[in-house]
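**Q** The hints should help you fit chain B onto chain A, whose structure is shown.
Number of protein chains: 2
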Amino acid sequence: MTEPIILYDIPGKNPKYTAWSPSTWKTRYGLAYKGLPFKTEWVEYPDIESLCKKLGAPPTWKNDDGSPLYTLPVIYDPSTKTVVEESFKIAKYLDKTYPNTPRLIPDNTAALQSGFRMGFELNVTEPLWDLVVLAACNNLNPRSQEFFRRTREANGKKLETYASPGEVHDMALKKVETGLKKVSQWFDHNDGTGPFVMGDIISHADFALAGRLMWGKVVWGEDSEDWRAIMGFENGRWERYMKALEKYEVLT
Amino acid sequence: MTEPIILYDIPGKNPKYTAWSPSTWKTRYGLAYKGLPFKTEWVEYPDIESLCKKLGAPPTWKNDDGSPLYTLPVIYDPSTKTVVEESFKIAKYLDKTYPNTPRLIPDNTAALQSGFRMGFELNVTEPLWDLVVLAACNNLNPRSQEFFRRTREANGKKLETYASPGEVHDMALKKVETGLKKVSQWFDHNDGTGPFVMGDIISHADFALAGRLMWGKVVWGEDSEDWRAIMGFENGRWERYMKALEKYEVLT
Numbered sequence: 003m004t005e006p007i008i009l010y011d012i013p014g015k016n017p018k019y020t021a022w023s024p025s026t027w028k029t030r031y032g033l034a035y036k037g038l039p040f041k042t043e044w045v046e047y048p049d050i051e052s053l054c055k056k057l058g059a060p061p062t063w064k065n066d067d068g069s070p071l072y073t074l075p076v077i078y079d080p081s082t083k084t085v086v087e088e089s090f091k092i093a094k095y096l097d098k099t100y101p102n103t104p105r106l107i108p109d110n111t112a113a114l115q116s117g118f119r120m121g122f123e124l125n126v127t128e129p130l131w132d133l134v135v136l137a138a139c140n141n142l143n144p145r146s147q148e149f150f151r152r153t154r155e156a157n158g159k160k161l162e163t164y165a166s167p168g169e170v171h172d173m174a175l176k177k178v179e180t181g182l183k184k185v186s187q188w189f190d191h192n193d194g195t196g197p198f199v200m201g202d203i204i205s206h207a208d209f210a211l212a213g214r215l216m217w218g219k220v221v222w223g224e225d226s227e228d229w230r231a232i233m234g235f236e237n238g239r240w241e242r243y244m245k246a247l248e249k250y251e252v253l254t
Numbered sequence: 003m004t005e006p007i008i009l010y011d012i013p014g015k016n017p018k019y020t021a022w023s024p025s026t027w028k029t030r031y032g033l034a035y036k037g038l039p040f041k042t043e044w045v046e047y048p049d050i051e052s053l054c055k056k057l058g059a060p061p062t063w064k065n066d067d068g069s070p071l072y073t074l075p076v077i078y079d080p081s082t083k084t085v086v087e088e089s090f091k092i093a094k095y096l097d098k099t100y101p102n103t104p105r106l107i108p109d110n111t112a113a114l115q116s117g118f119r120m121g122f123e124l125n126v127t128e129p130l131w132d133l134v135v136l137a138a139c140n141n142l143n144p145r146s147q148e149f150f151r152r153t154r155e156a157n158g159k160k161l162e163t164y165a166s167p168g169e170v171h172d173m174a175l176k177k178v179e180t181g182l183k184k185v186s187q188w189f190d191h192n193d194g195t196g197p198f199v200m201g202d203i204i205s206h207a208d209f210a211l212a213g214r215l216m217w218g219k220v221v222w223g224e225d226s227e228d229w230r231a232i233m234g235f236e237n238g239r240w241e242r243y244m245k246a247l248e249k250y251e252v253l254t
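Residue numbers (the working numbering), protein chains in the order written: chain A, 3 to 254; chain B, 3 to 254.
Among these hints, one or two may not hold up.
No copy labels: a pair is met if it fits in one copy or bridges any two.
[Stated by the list, open to error] Here are the simulated BS3-like cross-link-like pairs (lysine-lysine), alpha carbons at most 30 Å apart as the crow flies:
(1) LYS91 <-> LYS176
(2) LYS98 <-> LYS184
(3) LYS94 <-> LYS184
(4) LYS176 <-> LYS159
(5) LYS183 <-> LYS249
(6) LYS160 <-> LYS177
(7) LYS245 <-> LYS183
(8) LYS177 <-> LYS159
Just so you know, these hints were derived from the structure itself, not from any lab.
Bound conformation, chain A alone (with noise of 0.2 Å):
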């Protein structure tokens, strides 16, 4: 019998989904969608350097004081004993180790996956992270809180301002909503040949749109204003986008 992949992943306090972060559901929804098993190995904040220094895996980002950067997802496959970090790096390894699997990043497309990723993530990315931040810290367990708050506020600037009630809240909402339709009109492109970022194709890039819209759905729960709020914007797109994705939210 073939062991499971495990994978690394950060837990929060939401009691029906344990996995929040945007980055480790890309590999989670991946793992789900080629029908690997796999199981979750929680880790909390102050434990990923340690963690993946222990299993080898290189840091994937800087500091902003140059300092090493070390990050989830990371998974290992005992069955050929590898580690591998960064979901886009564990999206190539897992097409390639498991080709009979439903590929991740069909040929040809995987420059083009990462700029549409950049293209959202500066589009919807950046004004969602203003309305997530502080619920995403307090959806943490105690430890990973402290670490949490810690770091993002090194730049000297609270939480708690990034989306404060009222007219910077509603700005950063309205922002998501601007950015989201920009990525409607790409969809739009497809002229119908399916839901998803490649038509009737699933890829890499519908994990990584999903995932980051999962980081809403979690840190604030499925029926806070704000989760319904962007769930009605160009009635209902995006909720039907999640729905056609949603046999893929597993959590083992």
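**A** Relative to chain A, chain B alone:
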């Protein structure tokens, strides 16, 4: 004999390259890549709106005051008696109407190509605009020059200030370098499958990117310091890229 497609384009003064507009270059490259016979009708800026109205090409955008904005490229295809505006729509039209020519937008990639474009526009085009805008204006014929300056300076900012010699200029060039480095990282995700956005397959995304770079090449001139700087980034990566697409730089 098939009559050539007419491409409406804005003329500039560079004696080697009359075409300079990034938007119309996309279509120009695309027509050449498809091997479709075409010829240019040159249109000065103040005449674009009346031409579009005469042809029946709708506005593609809005001015800041909400009034309709008519833009080029527009094509007229005498074989089908069809007028099409906006480069992406034109690419789709050409793919559909001439199915035996190489595809500009391969199946399932329309949304990806649109998002990719937004990704590099935000990273590269915004700082590049600051660098080229004055030269772009000066490269125009007098009537267009007056129109361009008047409309672009409606925000109260003189074209001369976007990249004033010295620190402001150098900062803009640095931003272009940083932006292009990001785009390079996307290309690198193709793992050496070819020099183009889609690896070994040329597509509209290449013409959108190369057309954007042509902006500098034409309005500054190929021997200019800024163009040489950009062509020197990352050991000549973008010079090789432009070279790989050079055979489609067709002026007719």
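**Q** If a hint holds in the structure, say so; if it does not, say that too.
**A** Hints, verified against the model:
no.: 1; hint: LYS91 <-> LYS176; in the structure: between (33 Å within a copy, 28 Å between copies)
no.: 2; hint: LYS98 <-> LYS184; in the structure: between (33 Å within a copy, 25 Å between copies)
no.: 3; hint: LYS94 <-> LYS184; in the structure: both (28 Å within a copy, 19 Å between copies)
no.: 4; hint: LYS176 <-> LYS159; in the structure: both (22 Å within a copy, 27 Å between copies)
no.: 5; hint: LYS183 <-> LYS249; in the structure: within (25 Å within a copy, 37 Å between copies)
no.: 6; hint: LYS160 <-> LYS177; in the structure: both (21 Å within a copy, 29 Å between copies)
no.: 7; hint: LYS245 <-> LYS183; in the structure: within (18 Å within a copy, 36 Å between copies)
no.: 8; hint: LYS177 <-> LYS159; in the structure: both (20 Å within a copy, 25 Å between copies)
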